[in-house]
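Colleague: Residues per chain are reported as follows:
There are 2 protein chains.
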Amino acid sequence: MYIPTLADMTAADERIRPYIHRTPVLTSSFINSLAGAELFFKCENFQKAGAFKARGASNAVFGLSDEQAARGVATHSSGNHGTCLSYAAGRRGIPCTVVMPRTAPQAKKDAVRGYGGKVVECEPSTSSREAVFAEVVAETGAEFVHPYNDPRVIAGQATCSKELIEQVDGLDVVIAPIGGGGMVSGTCLTLSNLAPRIKIYAAEPEQADDAYRSFKAGHIIADDAPNTVADGLKVPLKELTWHFVRNHVTDILTASEEDIVDAMKLIWKRMKIVMEPSSAVPLATILKNTHVFAGKRVGIIITGGNVDLDKLPWQ
Amino acid sequence: MYIPTLADMTAADERIRPYIHRTPVLTSSFINSLAGAELFFKCENFQKAGAFKARGASNAVFGLSDEQAARGVATHSSGNHGTCLSYAAGRRGIPCTVVMPRTAPQAKKDAVRGYGGKVVECEPSTSSREAVFAEVVAETGAEFVHPYNDPRVIAGQATCSKELIEQVDGLDVVIAPIGGGGMVSGTCLTLSNLAPRIKIYAAEPEQADDAYRSFKAGHIIADDAPNTVADGLKVPLKELTWHFVRNHVTDILTASEEDIVDAMKLIWKRMKIVMEPSSAVPLATILKNTHVFAGKRVGIIITGGNVDLDKLPWQ
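Chains as they are written, first to last, in full-length UniProt numbering: chain A, 1 to 315; chain B, 1 to 315.
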């Protein structure tokens, strides 16, 4: 297992610069007053393809040799990683195949295709997904880019915190949602090297709290059929992300479904930004644990903005 | 009738600086490709109190003598002006009374109160509103700040275009929604003086097209019970705003209800920002009149973000 280093993050930062946005940091005096802390929202919902995953995907795609690149890239994902990999491949002009359950939302399939990627459908089971994916790779020779358990992807996500500490001085804490742990691992990679004073928290839905339970137990525990409105956070930790979480995260906090939806609506209403339920989990945990963050300067990663506007969770 | 001048805008710009945001300008390569033009969205939905009207209201409030200010300010508005006047009065620490029909949405009343203003209810008729408002002024001696037909308010709104031309070079066109005409008048005031090369367009709902019809007829025509999803744009032009529209606007374009809602959803989906139906009218007209804007650099004023998240117009 290769653990990505600060040099990998720095190389990623240069490599992906032409293909990603340096996203803005927004604040809300109203939400600060509720939290009793100074909150700085790093808005990856404004990122290319609508999610931070454009960073890791671009790093993987643009790090390929020409020979590898010609055979394209492939992944399995019904979420932002598939869309972002398709985006990055489109920018390089190489093929991209995303294996997705046939039951995945039409909007997700359309998003992959909108950037030029190919969707290959499987049955909604792990065995079907693995079989179909193996077939795709055998046929095309495409490079597999895992959504998070991949050093290239983590090094890419790590560029987000580098920007954040350049944009905001004197942060005490950075908090990000945790699913598979790609963003949290990238955050750990950058901050443990460049700003070890900053504490790193992860935020997770109570109803998909495998990272929380893994953290408390000291070994990876996977959820049994997690069900949460924060659908980007259902996937489990893997070895590489577990390495970063175990070594660098101060604590993992959890939030109920109701608190996540309330925090999401609060951000939409007061900050006028469209973001995903997953991105609301950090604020939900902050508002329930104000004693942890009182008086602190807190960076919050708003991970993405790809939400179905016809099915908002408060309706 | 006093016509505000460039000097009034410059004074406003200095006066209100501590109380308003210099809002960002956002772009979307996807929407540019649809429009065949380069669009620059000036995001007043991120403005204090959620709308550009914080500019005019702050200019009126902070321009008062201490003696006037002690008696407070008053207006009639069931929209953003009431909220923004309450915001500005709150910042100065003076009383603010907003007369509103008792049938106005609870959220609008709460917004005024949230900034410390007082809501006085009237019946939903012009005669009741005028009677109740006269009573309020007689009792308090408050200064009336009209939502748009007021030189202080127009000079305040005019600061928005000043920022926009500082933020974006070489604009060919600026387009803003038109209701009473406060934002359009401010835009005319600034651009006719500082950047006369830039053409000014106004955008209006077909179902509240009094400004369009006035512009074509050469005199003010009021609508008879306009009904549009863009509820900030139902009010008619008045003498002062008509002066600017008549003298400086190149054309007024209109959009159907369906096109407005489609444009609104497109902006939410691709740009990840929350904005009002009124703010979508310019893009709706651009996408229907691409020949007018083809290849041009177009500034678009996103006027506000105060929308009822429980009642989105596409649902």
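Don't read these hints as lab results, they were simulated from the structure. Errors might be hidden in some of the hints.
Put simply, identical chains are the same to the list, so a pair is met inside one copy or across any two.
Here are the computed lysine to aspartate or glutamate pairs in the EDC-like style, where the Cα-Cα straight-line distance is at most 16 Å [as the list claims (entries may be wrong)]: (1) K311 / D231; (2) K265 / D308; (3) K265 / D310; (4) K269 / D110; (5) K269 / E239; (6) K109 / E121; (7) K216 / E121; (8) K216 / E130.
Colleague: None of the hints should be skipped; say for each whether it holds.
Modeller: Each hint, compared with the structure:
no.: 1; hint: K311 / D231; result: within (13 Å within a copy, 24 Å between copies)
no.: 2; hint: K265 / D308; result: both (14 Å within a copy, 11 Å between copies)
no.: 3; hint: K265 / D310; result: both (15 Å within a copy, 10 Å between copies)
no.: 4; hint: K269 / D110; result: between (28 Å within a copy, 13 Å between copies)
no.: 5; hint: K269 / E239; result: neither (38 Å within a copy, 35 Å between copies)
no.: 6; hint: K109 / E121; result: within (9 Å within a copy, 50 Å between copies)
no.: 7; hint: K216 / E121; result: neither (37 Å within a copy, 56 Å between copies)
no.: 8; hint: K216 / E130; result: neither (30 Å within a copy, 65 Å between copies)
This entry does not satisfy hints 5, 7 and 8, going by the numbered hints stated previously.
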